[in-house]
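Asker: Whole structure, please, built from the sequences with the hints as guidance.
Respectively, the protein sequence lines represent chains R and Z. Mapping of the first sequence onto my numbering: position 69 corresponds to residue 820, and the numbering continues sequentially without gaps. Mapping of the second sequence onto my numbering: position 222 corresponds to residue 313, and the numbering continues sequentially without gaps.
Hints listed in this document are in silico derivations from the structure and should not be mistaken for laboratory results. A couple of the hints might just be wrong.
As the list claims (entries may be wrong) - In the DSS-like style, the derived pairs of lysine-lysine whose C-alpha atoms are separated by at most 27 Å in a straight line are:
#	chain 1	residue 1	chain 2	residue 2
1	R	963	Z	294
2	R	1001	Z	380
3	Z	373	Z	410
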Amino acid sequence: MKILTILRQVPDAEAEVSTHDGSVDLDRATFVIDGMDEYGVEEALRIRERGVDVEEVVAVALGPERFEDALRTALAMGADRAVHIEADEALDPIAQARVLAAVARDEEADLILLGGKQADWDSAALGGAVAEVLGWPNSDWTTELTIADGTLKTRHDTDDGSEALEVPLPAVVTTQQGLNEPRYPTLANIMKSKRKEVGRLGVGEFGAPVSKTITVRQEIQARERLGQIVEGAPEEAARELARLLADEAKVLS
Amino acid sequence: MLLIVSRAGQGGAGKSDLELVGAARGLGEAFAQPVAAAVLGAEPSATAEDLARYVPTVFQLRSTELEPFRAEPFASAIHALVERTRVQAVLVAATRSGQSLAPRLAVRLGAALLDEVTWLGAEGGAVTARRFSYLSRVTETVRTDSLPVVISVKPNAFPAADPAASTGSVEDAPVSLRPEDGRVRTSDRRSAKGGRVALEDAKIVVSGGRGVGDADGFVRLVEPLAEALGAGVGATRAVVDAGWRPYAEQVGQTGKTVTPDLYIALGVSGAVQHLAGMNHSKVIVAVNKDREAPIFRVCDYGIVGDVNEVVPPFTDAVKEQRG
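Answerer: This is the structure:
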């Protein structure tokens, strides 16, 4: 089987985010591979290591030039090959799903792995949209995965807990923390990855994907916080806190 | 028509259903369009009749294939209903199931998707929405000029609707599914223990971090306070990684995002990973023994102290306040 892992390169969670003229200012940001996508790369490698016949693990990224760093990380972890579709970031998740689905068809993929939520968009829509464009089933928020006889067995999060799923291949799996612990690339694998192929395609080769939504404005809207420290002995402070929440904040009724 | 999607099986209209009605009414006025509800499940009647008190038309879509929730049969059933009626917008709650349904529905309908919105407006033929991005640190305004539109609505962002002046009608709608809609099989459903209230729906959330000490600390400190407040129970990534609590309770970047009226963080340091999941809560309370903990920089009220000494008397005081 052939596995595709979809990757994004996103601002480091620990770095400050700022906006300028109504847009997020990424000029001084540092970028990292989206942690949730990393679970997908790791799982693809583990599927192969568990003895499933995996012909190829292909890392795919759709985005600006810097996304190549995420592909390099995946190659250093052990992916066989990478495909970078260069595009500006203005495409919405549905438009991106159409491009990524076309790549999956061209690659004749059997399984697509990607993060359950993208740390730049704060959206969980990409995986389901890719599955729907392809007409494939999916398992979202996946925390356990095994493959036998062309069927995935997964456990995934639901609204109020979790459930087991049986999903026939080909399929899309979105990952969730708990699925695995991604490996660090070894020096030997980093050296080896430098010789691996990164194919480059223009987004224009997939027709002219159209976003039906546009981002009008981005701003930092931090809520004003009172920052009031209630002093006193534990019991006294606890009592005063309850009073403040009831009488002042009015959130205990 | 603006259509809200409701899952039956909760024994009546839930809080998120009424918030969807609230969100849809605002848009409906701007578009001069009525609001309707679709209730899907094996036994939709109770929820449908409940929702008829709020909207003029309720469609019940009854099938055992629609219980428990799976995105594909839901998308097919709603797709067919939208084809028969004139729908400008479909609204779903941005819970795990709604997040799973919304993108499939948008692709199926060739519609725009406004995802996890916290505010909605309409001007001309366009729908404008606000949502968070970059781990909840940025508020963005997005717009679509394309109808129909699928909108997933963040829980707790819109006020729950009041009943309408007159009761609406409930009609059966046929459920037409594709053969492949049944291909994903579900089994072994487990409900997360802890709070009796679903985390994303909860008006109040009590969360514990590593400072709670151990799994037993949750049982002794976090759960009783949550019980006294009728709150949902949350946890930090460190706590979940340590195996003290299930993943379903994790709040943060790789867990759930919550925006309750009151968020109480016990022994939580306030790492970015966690803040991403709760920084838009209306009122934030922190109890931590480290005065320098970052959580104190985002809290409204804080106590610097040991959770073991502060939480039990706080729980008693809360019970008194709530009578």
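Asker: Each hint: holds or not?
Answerer: Hint check:
1. 963(R) / 294(Z): At roughly 33 Å apart (the allowed maximum being 27 Å), residue 294(Z) and residue 963(R) break the hint.
2. 1001(R) / 380(Z): 26 Å, holds
3. 373(Z) / 410(Z): Judged against 27 Å, a Cα distance of about 21 Å means the pair holds.
Checked against the numbered hints given earlier, this structure breaks only hint 1.
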